[in-house]
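Trainee: Single-letter residue listing:
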Amino acid sequence: KAGVTQTPRYLIKTRGQQVTLSCSPISGHRSVSWYQQTPGQGLQFLFEYFSETQRNKGNFPGRFSGRQFSNSRSEMNVSTLELGDSALYLCASSRGYRTTNEKLFFGSGTQLSVL
Amino acid sequence: LAKTTQPISMDSYEGQEVNITCSHNNIATNDYITWYQQFPSQGPRFIIQGYKTKVTNEVASLFIPADRKSSTLSLPRVSLSDTAVYYCLVGGIGGGADGLTFGKGTHLIIQP
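Chain order of the listed sequences is Z and G. The opening residue of the first sequence carries number 1 in the numbering used here; numbering runs sequentially from there. The opening residue of the second sequence carries number 1 in the numbering used here; numbering runs sequentially from there.
Since the hints were made in silico from the structure, they are not lab data. For each residue, glycine too, the CB sits at the ideal point set by N, CA and C. Treat the hints with care, since some could be wrong.
To be verified - Computed spacing ranges between beta-carbons, pair by pair:
1. G:Glu58 to Z:Gly84: 19 to 27 Å
2. Z:Arg95 to G:Ile109: 29 to 37 Å
3. Z:Leu11 to G:Asp11: 42 to 50 Å
4. Z:Arg30 to G:Lys54: 17 to 25 Å
5. Z:Gly3 to G:Pro76: 24 to 32 Å
What the hints assert, rightly or not - Below are the BS3-like pairs computed for lysine-lysine, each with C-alpha atoms no more than 25 Å apart in a straight line:
6. G:Lys104 to G:Lys3
7. G:Lys3 to Z:Lys57
8. Z:Lys103 to G:Lys104
9. Z:Lys57 to G:Lys52
10. G:Lys52 to G:Lys104
11. G:Lys69 to G:Lys54
12. Z:Lys57 to G:Lys104
13. Z:Lys103 to Z:Lys57
14. Z:Lys13 to G:Lys69
15. G:Lys69 to G:Lys3
16. G:Lys69 to G:Lys52
17. G:Lys69 to G:Lys104
18. Z:Lys103 to G:Lys69
19. G:Lys54 to G:Lys3
20. Z:Lys103 to G:Lys54
21. G:Lys52 to G:Lys3
What the hints assert, rightly or not - Some, not all, of what chain G presents toward chain Z, calculated at C-beta under 8 Å:
22. Tyr32
23. Gly43
24. Pro44
25. Phe46
26. Lys54
27. Thr101
28. Gly105
29. His107
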């Protein structure tokens, strides 16, 4: 069974540009969540999708957005990039939603560098 | 919603048993406790999950006292490859945004 796939693996952008990151969950998984990871802040929750609907959102500005498609694949977009957006962006999938014993399966992430 | 507290870092030596404790005073009745391991430039990987008492799998044990306000991840006979960041997560993705809060984890360094 294929794992969570994130593309691209590495990305270099300049300030002011926008970027779209893609996440393909494990087959049969319907929930996708996104995280930003920086050396100083650890893993910070961005948002979570289930059945094409955003269910939860972390404390990030509106420049960060996302969506989920009918096949459960998800994309996140960051507009007007800032230097501080340089980070490893991780996507995780899980089978369901609102189950407290759910396990998250993570992709390898997209390393974004903003110059 | 549950919030977790873990030590920022720990050191140990190859062959030793390592115990990492996580405090979660506000754990809800239905919450499970899940531990993840992360190596640099990779996504976290599920290690073990439990609700109460003790759970053991091929890589670790998880001890949860009766009050469930803390949990201890036990790694037997660690090796250099166990150097990683370990995260304790309480609840699940259904617990609202806080249920997906990993915190900064425990950086475990294993020395020869």
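Trainee: Against each hint, give a clear statement of whether it holds in the structure.
Mentor: Tested hints:
no.	hint	verdict
1	G:Glu58 to Z:Gly84: 19 to 27 Å	violated (40 Å)
2	Z:Arg95 to G:Ile109: 29 to 37 Å	holds (34 Å)
3	Z:Leu11 to G:Asp11: 42 to 50 Å	violated (35 Å)
4	Z:Arg30 to G:Lys54: 17 to 25 Å	violated (32 Å)
5	Z:Gly3 to G:Pro76: 24 to 32 Å	holds (27 Å)
6	G:Lys104 to G:Lys3	holds (12 Å)
7	G:Lys3 to Z:Lys57	holds (17 Å)
8	Z:Lys103 to G:Lys104	holds (19 Å)
9	Z:Lys57 to G:Lys52	violated (30 Å)
10	G:Lys52 to G:Lys104	holds (24 Å)
11	G:Lys69 to G:Lys54	holds (14 Å)
12	Z:Lys57 to G:Lys104	holds (19 Å)
13	Z:Lys103 to Z:Lys57	holds (19 Å)
14	Z:Lys13 to G:Lys69	violated (44 Å)
15	G:Lys69 to G:Lys3	holds (11 Å)
16	G:Lys69 to G:Lys52	holds (10 Å)
17	G:Lys69 to G:Lys104	holds (19 Å)
18	Z:Lys103 to G:Lys69	holds (20 Å)
19	G:Lys54 to G:Lys3	holds (21 Å)
20	Z:Lys103 to G:Lys54	holds (18 Å)
21	G:Lys52 to G:Lys3	holds (18 Å)
22	Tyr32	holds (4 Å)
23	Gly43	holds (3 Å)
24	Pro44	holds (5 Å)
25	Phe46	holds (5 Å)
26	Lys54	violated (16 Å)
27	Thr101	holds (6 Å)
28	Gly105	holds (6 Å)
29	His107	violated (10 Å)
Of the hints listed earlier, those the structure fails to meet are numbers 1, 3, 4, 9, 14, 26, 29, in rising order.
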